[in-house]
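Asker: Position chain Y against the provided structure of chain D, taking the given hints into account.
Taken in sequence, the protein lines are chains D and Y.
For the first sequence, the numbering used here assigns the number 1 to the initial residue and increments by one for each residue that follows.
For the second sequence, the numbering used here assigns the number 1 to the initial residue and increments by one for each residue that follows.
Treat each hint with caution, since some may be false.
Below, computed lysine-lysine pairings styled on BS3-like, alpha-carbon distance capped at 30 angstroms [what the hints assert, rightly or not]:
1. Y/Lys283 - Y/Lys17
2. D/Lys136 - Y/Lys287
3. Y/Lys133 - Y/Lys81
4. Y/Lys283 - D/Lys144
5. D/Lys27 - Y/Lys283
6. D/Lys144 - Y/Lys9
7. Y/Lys371 - D/Lys27
8. D/Lys209 - Y/Lys287
9. Y/Lys371 - Y/Lys12
If you want a taste of the chain D side facing chain Y, the calculated C-beta under 7 angstroms gives, among others [stated by the list, open to error]:
10. Leu62
11. Asn63
12. Thr66
13. Arg89
14. Ser90
15. His101
16. Glu110
17. Met113
18. Pro115
19. Ala117
20. Ile118
To give an idea of the interface, some chain Y residues facing chain D are shown, with a C-beta separation under 7 angstroms as derived from the structure [to be verified]:
21. Val3
22. Ser301
23. Pro377
To be clear, the hints were calculated from the coordinates, so they are not data collected in a lab.
All of these numbers come straight from a predicted model, not from anything done at the bench.
Quick reminder that beta carbons are idealized off the backbone N, C-alpha and C, glycines included.
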Amino acid sequence: MKKRDIKNLIEISNLTKIYQSGGEQVKALNNLNLTMENGEFAALMGPSGSGKSTLLTILGALNPPTSGKVFIDGIDIYNLSTERRADFRSTYMGFVFQQFHLIPYLSAVENVMLPLAISSKSSREQTEKAQNLLEKVGLGNKLKRLPNELSGGEQERVAIARALVNDPPIVFADEPTGALDAKTSLEIMELFQKVNEESYTIIMVTHNKENLNFVKRAVFIRDGEIEAEERY
Amino acid sequence: MRVDTIALKNLKRRPIKALFMLLGIILAVGTIVTLYTSTATLNVELADRFDEIGANIMVIPDSKDMNLSYGGVRVSGAQGKQFLANDDIISINTIPNSNNIATVAPKLLTSLTIQGEKAVVMGVDFPQELALKPWWTMEGERPKGVQDVLLGSDAAIILGIKPGDVIEIEGEIFNAAAVLHPQGSEEDGLIFMQLLAVQRLADLEDSLSLIEVAAYCTTCPIEEIVMDINNALPHAKATALGEAVKARAEVVDRFNKFSAAVAFVVFSIGSLLILVTVISSVKERTKEIGIFRAIGFRQRSIIEIFLTEALILGMFGGILGYIAGNLAARALISSAAGLDVAIGWDFFIGGITIVMALVLSLLSSAYPAVKAARLDPAEALRHI
Chain D
1 MKKRDIKNLI EISNLTKIYQ SGGEQVKALN NLNLTMENGE FAALMGPSGS
51 GKSTLLTILG ALNPPTSGKV FIDGIDIYNL STERRADFRS TYMGFVFQQF
101 HLIPYLSAVE NVMLPLAISS KSSREQTEKA QNLLEKVGLG NKLKRLPNEL
151 SGGEQERVAI ARALVNDPPI VFADEPTGAL DAKTSLEIME LFQKVNEESY
201 TIIMVTHNKE NLNFVKRAVF IRDGEIEAEE RY
Chain Y
1 MRVDTIALKN LKRRPIKALF MLLGIILAVG TIVTLYTSTA TLNVELADRF
51 DEIGANIMVI PDSKDMNLSY GGVRVSGAQG KQFLANDDII SINTIPNSNN
101 IATVAPKLLT SLTIQGEKAV VMGVDFPQEL ALKPWWTMEG ERPKGVQDVL
151 LGSDAAIILG IKPGDVIEIE GEIFNAAAVL HPQGSEEDGL IFMQLLAVQR
201 LADLEDSLSL IEVAAYCTTC PIEEIVMDIN NALPHAKATA LGEAVKARAE
251 VVDRFNKFSA AVAFVVFSIG SLLILVTVIS SVKERTKEIG IFRAIGFRQR
301 SIIEIFLTEA LILGMFGGIL GYIAGNLAAR ALISSAAGLD VAIGWDFFIG
351 GITIVMALVL SLLSSAYPAV KAARLDPAEA LRHI
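So here's chain D without its partners, still in its complex pose (with noise of 0.2 angstroms):
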């Protein structure tokens, strides 16, 4: 599934995205547009309160915009229903989140299988994947360990395999390296660099600078617009 003939994986237009809070109206996302090709390994960075969040669950399917579209690999999103809209995410998307978010009384190769539960895949073909990733996370040898039992830096290499179990084109990580040390925050950005390395697309929210050393782009948002872009 990761490797796409389409150069243009994610197209964004007129991206607007209105809160409402406590009666007053907070554009979170104002008019926005954004191309994201294939194979690219893209930060989305900004102060708090910037919009990066917001922009991140809307492309990961889980946040219809107020006004504007979202292409991904061609198909207009959200004009999926909301269970066709979550089957796009179990094939197309990965997502590793900041505090891990591993179910707690799931062992690390439970955890990893888990996007694998809803497939039709055999429970013998889910473990031979889940130990795979496992292993070259470099976890092979925790695998039956439960998250409590895991450092921070193991949660989120056990939080990565379980992005990309199901071979997802795009991997979405909010703030990944925001609960790590400087050691395992660099060990973390060399994962995703390998993993992007393998075709697999990473939009990535941080507000770490150091992390642009690995990232080949990067976006920086204020207040709901694209401020500026670089490519590295």
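Answerer: Positioned in the frame of chain D, the structure of chain Y alone reads:
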């Protein structure tokens, strides 16, 4: 891994909460099983006790030539009339449904000369008669011997006889053993004697005016017993006493309605308990639901997780509820009701109980499950 694995693991993770819900189901279905089992048993006991007191079938000769009246029914009471015979008692006691017969009380109603005056006398089998009419209270000794006479309250006044007096009947001396307290019925004007003595004195050997029967009609309908008696005694006419049957049905019906009302209340409380527990579980798991939805779980899959948990708890709750309810019913029947009745393991009732527990847990979990599934993933992820 499948969705049911997630449900099972979550139950294991929150054993206290799962146990709480399980107890709710056990309590609800267990109480219903206890109520159902004990009321079903008590129904039989209640109906039997009810059937034992007072006749619910009257047997009279199949003849239109009757000269006396008893309980609104015309009966034979003089020479030349058609009577039932002593052997008819044996025939009634040997009908196919004889196990359902509690009391057979034969009677001969005739007129004899008492203290020089003609009076209506009823020959009865005292042990059977007294068993049939436990509400009879009297002054004096309960009549036992062949020479004992029991007088209705009015008859005693008219004849001027008190308990312990001697009484002359057809020239023979008898003992006025007791006088009935006023009954407010025609029994107040009657004189009761041993059946054999009346038959001899009236020269109506082997003759019976009527036979009153008290039958248990729980296990077989009273109409069936009446039909058996009519078949066994072609010369007689057995009739069910409508009022007695109706009163019995009313008592049993009220008892059943009360049990059903209590069961409904308990079921509702159980449902609410589970509903509240699952709603709180949905709130606690908002973050988790957000993750599931983000990684592509459909709303249906979220509902499936919650309902699978409900199904697992319902299944165990049903089995344990049936066992607990049955044991409680046994204890209740033997200790509280003081009855020595065997209550067995009824697999049919067990099956119904499990289905009931599943319905209870599924219905109570349905609303919170749908609510969880409809959580806006972006909103749920804000908890993250």
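Asker: Give a verdict on every hint.
Answerer: Hints versus structure:
no., hint, result
1, Y/Lys283 - Y/Lys17, "14 angstroms, holds"
2, D/Lys136 - Y/Lys287, "28 angstroms, holds"
3, Y/Lys133 - Y/Lys81, "28 angstroms, holds"
4, Y/Lys283 - D/Lys144, "28 angstroms, holds"
5, D/Lys27 - Y/Lys283, "29 angstroms, holds"
6, D/Lys144 - Y/Lys9, "14 angstroms, holds"
7, Y/Lys371 - D/Lys27, "29 angstroms, holds"
8, D/Lys209 - Y/Lys287, "29 angstroms, holds"
9, Y/Lys371 - Y/Lys12, "23 angstroms, holds"
10, Leu62, "5 angstroms, holds"
11, Asn63, "4 angstroms, holds"
12, Thr66, "13 angstroms, violated"
13, Arg89, "4 angstroms, holds"
14, Ser90, "2 angstroms, holds"
15, His101, "5 angstroms, holds"
16, Glu110, "6 angstroms, holds"
17, Met113, "5 angstroms, holds"
18, Pro115, "5 angstroms, holds"
19, Ala117, "5 angstroms, holds"
20, Ile118, "5 angstroms, holds"
21, Val3, "6 angstroms, holds"
22, Ser301, "5 angstroms, holds"
23, Pro377, "5 angstroms, holds"
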